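Chains as they are written, first to last, in UniProt numbering: chain A, 1 to 333; chain B, 1 to 505.
No lab work stands behind these hints, which were simulated from the structure alone. Owing to the predicted nature of the structure, the values given are computational and were not obtained by experimental measurement. Using N, Cα and C, we set each Cβ at its ideal position, and we do this for glycine too. Just to be clear, a hint being listed does not mean it is correct.
Calculated cross-link-like contacts (lysine-lysine; reagent style PhoX-like; alpha-carbon spacing at most 25 Å) [unchecked claim]: (1) B:Lys60 with A:Lys105; (2) A:Lys105 with B:Lys470; (3) A:Lys105 with A:Lys33; (4) A:Lys105 with B:Lys473; (5) B:Lys127 with A:Lys322; (6) A:Lys322 with B:Lys126; (7) A:Lys105 with B:Lys56.
Among the chain A residues that face chain B by a calculated CB cut under 8 Å, a handful are [what the hints assert, rightly or not]: (8) Asn47; (9) Lys242; (10) Thr284; (11) Asn287; (12) Gln313.
Over the 10 Å line for every Cβ pair with chain B, so calculated as not near, a few chain A residues [what the hints assert, rightly or not]: (13) Val13; (14) Gly64; (15) Ser80; (16) Ile94; (17) Arg139; (18) Leu163; (19) Ala194; (20) Lys198; (21) Leu201; (22) Asp220; (23) Ile229; (24) Ala231; (25) Val255; (26) Ala305.
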Amino acid sequence: MELHDVWFVLIAVLWTGYFFLEGFDFGVGVLTKLLARDRPEKRVLINTIGPVWDGNEVWLLTAGGATFAAFPEWYATLFSGFYLPLLIILVCLIVRGVAFEYRAKRPEENWQRNWEEAIFWTSLIPAFLWGVAFGNIVRGVKIDRDMEYVGNFWDLLNPYALLGGLVTLTLFTFHGTVFAALKTVGDIRARARALAMKLGLVTAVLALAFLIWTQIDTGDGWSLAAMLIAAVSLVAAIGAIKAGREGWSFALSGVTIAAAVAMLFLALFPNVMPSSLDPAWSLTVTNASSSPYTLKIMTWCAAIATPLVLLYQGWTYWVFRKRIGTQHIADAH
Amino acid sequence: MDLALAPETLARWQFGITTVYHFLFVPLTISLAALTAGLQTAWVRSGKEKYLRATKFWGKLFLINIAMGVVTGIVQEFQFGMNWSDYSRFVGDIFGAPLAFEALIAFFFESTFIGLWIFGWDKLPKKIHLACIWMVSIGTILSAYFILAANSWMQHPVGYRINEDRGQGARAELTDFWAVLTQNTALTQFFHTMTAAFLVGGAFMVGISAFHLMRKRHVAVMRTSLRLGLITLIIAGLGTAISGDMLGKVMFKQQPMKMAAAEALWDGEAPAPFSIFAIGDVDKGHNEVAIEIPGILSYLANGDFHSYVPGINDVNKAEQEKYGPGDYRPNIPVAYWGFRWMIGFGMASLAIGVLGLWLTRKKFLIAPGLRTGEDEVPNLVLFKNKALSPKLGKWYWIVALWTMLFPLIANSWGWIFTEMGRQPWVVYGVMRTSAAVSPGVSQGEVLTSMIVFTTLYAILAVIEVKLLVKYVKAGPPELTEDDLNPPTKIGGDTRDPDRPMAFSY
Chain A
1 MELHDVWFVL IAVLWTGYFF LEGFDFGVGV LTKLLARDRP EKRVLINTIG
51 PVWDGNEVWL LTAGGATFAA FPEWYATLFS GFYLPLLIIL VCLIVRGVAF
101 EYRAKRPEEN WQRNWEEAIF WTSLIPAFLW GVAFGNIVRG VKIDRDMEYV
151 GNFWDLLNPY ALLGGLVTLT LFTFHGTVFA ALKTVGDIRA RARALAMKLG
201 LVTAVLALAF LIWTQIDTGD GWSLAAMLIA AVSLVAAIGA IKAGREGWSF
251 ALSGVTIAAA VAMLFLALFP NVMPSSLDPA WSLTVTNASS SPYTLKIMTW
301 CAAIATPLVL LYQGWTYWVF RKRIGTQHIA DAH
Chain B
1 MDLALAPETL ARWQFGITTV YHFLFVPLTI SLAALTAGLQ TAWVRSGKEK
51 YLRATKFWGK LFLINIAMGV VTGIVQEFQF GMNWSDYSRF VGDIFGAPLA
101 FEALIAFFFE STFIGLWIFG WDKLPKKIHL ACIWMVSIGT ILSAYFILAA
151 NSWMQHPVGY RINEDRGQGA RAELTDFWAV LTQNTALTQF FHTMTAAFLV
201 GGAFMVGISA FHLMRKRHVA VMRTSLRLGL ITLIIAGLGT AISGDMLGKV
251 MFKQQPMKMA AAEALWDGEA PAPFSIFAIG DVDKGHNEVA IEIPGILSYL
301 ANGDFHSYVP GINDVNKAEQ EKYGPGDYRP NIPVAYWGFR WMIGFGMASL
351 AIGVLGLWLT RKKFLIAPGL RTGEDEVPNL VLFKNKALSP KLGKWYWIVA
401 LWTMLFPLIA NSWGWIFTEM GRQPWVVYGV MRTSAAVSPG VSQGEVLTSM
451 IVFTTLYAIL AVIEVKLLVK YVKAGPPELT EDDLNPPTKI GGDTRDPDRP
501 MAFSY
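With the hints as extra help, turn the sequences into a complete structure.
Spelled out as structure tokens, the structure:
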């Protein structure tokens, strides 16, 4: 296994971390309309991710930065090619971050309602668009011999990618609902459990369709194994929430996300961005990667920093392990 | 093609807008994190309530500000790929690494511990909670270091080679990462940017303290804050001047064109004068009007009043010989005036800080009758026995309030100067800006994103400033029982399971 293969795995790990963590953040954002019945309940939901959402989002910045450093051609083609969807995602992430921080900083009804509205949409849209983006990466897009994306915006909205978008949206929302059930007390917790079961079934149908489609298109034995793990753990996650085992259900929905990301990356390998025009023009782990020297330095950095990050981020979850309900929300802003 | 809408022009405007905007929040975040941490340390060590109230007050303003810094920073991580894909391909092997280091080491640190600090008042013992804000501060400083190392590589590329034998186009490849991280451009630029950041934070504290002291409100907290702000402002101001001089000398060697442009020095001279004011003719390559102090530029460049400093025309010629025909001059008026606004506004804020520290001194050369206690508005004492008249005193407070903006203006112009002064290069001597843009991205796309970001940023600026003003006016909060009795174990007090959180979104 060469260093650029290691980095292919590490990029997959970073995206897994991002989708696992910001996945439930997005889900919780969607729940502010789907589950919360009133403003105090919305606040409960928002505060379940309050101390952690920012750290979760850094997984995206790290995935972006690491792609730039380890696979500059991939970074360049992907972000210049998927220009408008990425613009929409960036706008959402900007508004969303400000919304969390500023929502409670003024007492006015309008002010708070607008930011709540923003939290819902800016969670839903990226949750959908990341699936569209990854659907397109795996399926292959129009890339010419110079590694430039030559398709247009509408090419990105093909059925396979759109289905991918629905899968990430529902999967993240399911993941977020289980998280909400795990982190809240009272009535909202009971409703979160009930909703999780329904969402789980919708997710299962969509995810299965998407993964089978992927497997038929570009899969191999390894991706099949990942697909089976994803499918089994999703069903088990639904079972666990039904049995009232929220912790287990959350862990299993996390495994589902990890296995689904693994499957997409396995289906890609050794490509990183296949060309639909000519397979010879595809970006691969070899022709898109940095020099061995850079990869070596990056590997040292990742090997030391990543375990530390996991340690102190994990500690944060432990510090804020207490469930919250409407009674815990302070009136002051 | 209409030149005004050339992809390079649009992409540069977008980069300029998003980056200058981002950098309004960055220096304040860096300095306020450390200053808030300092105040909280004073609270933990002394137990004096005014320090806790100050921590909460400045901490709140810090949070309103950092939120904007964080979200506008996301764009920075991705816009190299979006608008500058050929740049990313060519330099990613080198430029990507500090960015990835920044994310892995600094961003995680900053973002995780800020969550712990915001929500941790009733969850963490006092000292651990204090450690969190220090972690945030360290994160902001590390982040600055890595990104400045990356920028310094664009100013002065080192530790690389050009690899032409990849079979897919040449690119720059890293050969010595240590050199990239420790070259004198990076270290000097880090020193200069850090001191300039604390200039922003110091002036911010001084300005807001002045606002309240002028109205005789929240005196105990604001008096302490004023002093901390003034001392920060002065140390940072002197540091900025020293580091600016160092950076200037480095730049005279590494990018003589930038410095010649900064002085509108068209033809080399020995000794070379420092320009106070000039109106030039860029086409003819000379100044129409020039007011100068002889010898000073020679000193700034080489530490010697008689040495030769090459002019714009000389460097242009030398670069034409080295890199082939073309115009290697940056936008001279922008470089010239940018350099002056940077120095002018930076040093003006230092001067107002020195004046402030003198006027509010506690005992030195002050008649006993003019001395004031810890909870009184300090008299503004000019001479030993003479305080400023109430009218003049009020003017000092007003000037101090507006000085808040000066270092921000200086920071912005500093960046505009150093980035535009490097043109037409994106990586000096290695890659031209015109070769760096994304070939596959249409004008319409760049224009769309530019309009979207500019509009969004303008709206957010209004929201942010209004919010800051609201919380500035509200002043430091009164302390509650819970504030004064922080938890003794991690996870907080568990005796009352329904106790509300100390802070919630």
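Results of checking the hints against the structure:
1. B:Lys60 with A:Lys105: holds, 10 Å
2. A:Lys105 with B:Lys470: holds, 10 Å
3. A:Lys105 with A:Lys33: holds, 21 Å
4. A:Lys105 with B:Lys473: holds, 14 Å
5. B:Lys127 with A:Lys322: Holds: B:Lys127 and A:Lys322 sit about 21 Å apart, inside 25 Å.
6. A:Lys322 with B:Lys126: Distance of about 19 Å is within 25 Å: holds.
7. A:Lys105 with B:Lys56: holds, 14 Å
8. Asn47: It holds, given that the least Cβ distance between A:Asn47 and chain B is near 5 Å, below 8 Å.
9. Lys242: Violated, because the Cβ-Cβ distance from A:Lys242 to chain B comes to roughly 27 Å (cut-off 8 Å).
10. Thr284: violated, 11 Å
11. Asn287: holds, 6 Å
12. Gln313: holds, 5 Å
13. Val13: holds, 12 Å
14. Gly64: violated, 5 Å
15. Ser80: Answer for A:Ser80: violated, closest chain B Cβ roughly 4 Å.
16. Ile94: violated, 4 Å
17. Arg139: Holds, because the least Cβ-Cβ distance between A:Arg139 and chain B comes to about 19 Å, which exceeds 10 Å.
18. Leu163: holds, 25 Å
19. Ala194: Nearest chain B Cβ is 24 Å from A:Ala194, so the label holds.
20. Lys198: holds, 27 Å
21. Leu201: holds, 31 Å
22. Asp220: The assertion about A:Asp220 holds, with a minimum of 27 Å to chain B.
23. Ile229: holds, 28 Å
24. Ala231: holds, 32 Å
25. Val255: holds, 23 Å
26. Ala305: Violated, since 4 Å does not exceed 10 Å.
Violated hints for the displayed structure, listed by number in ascending order: 9, 10, 14, 15, 16, 26.
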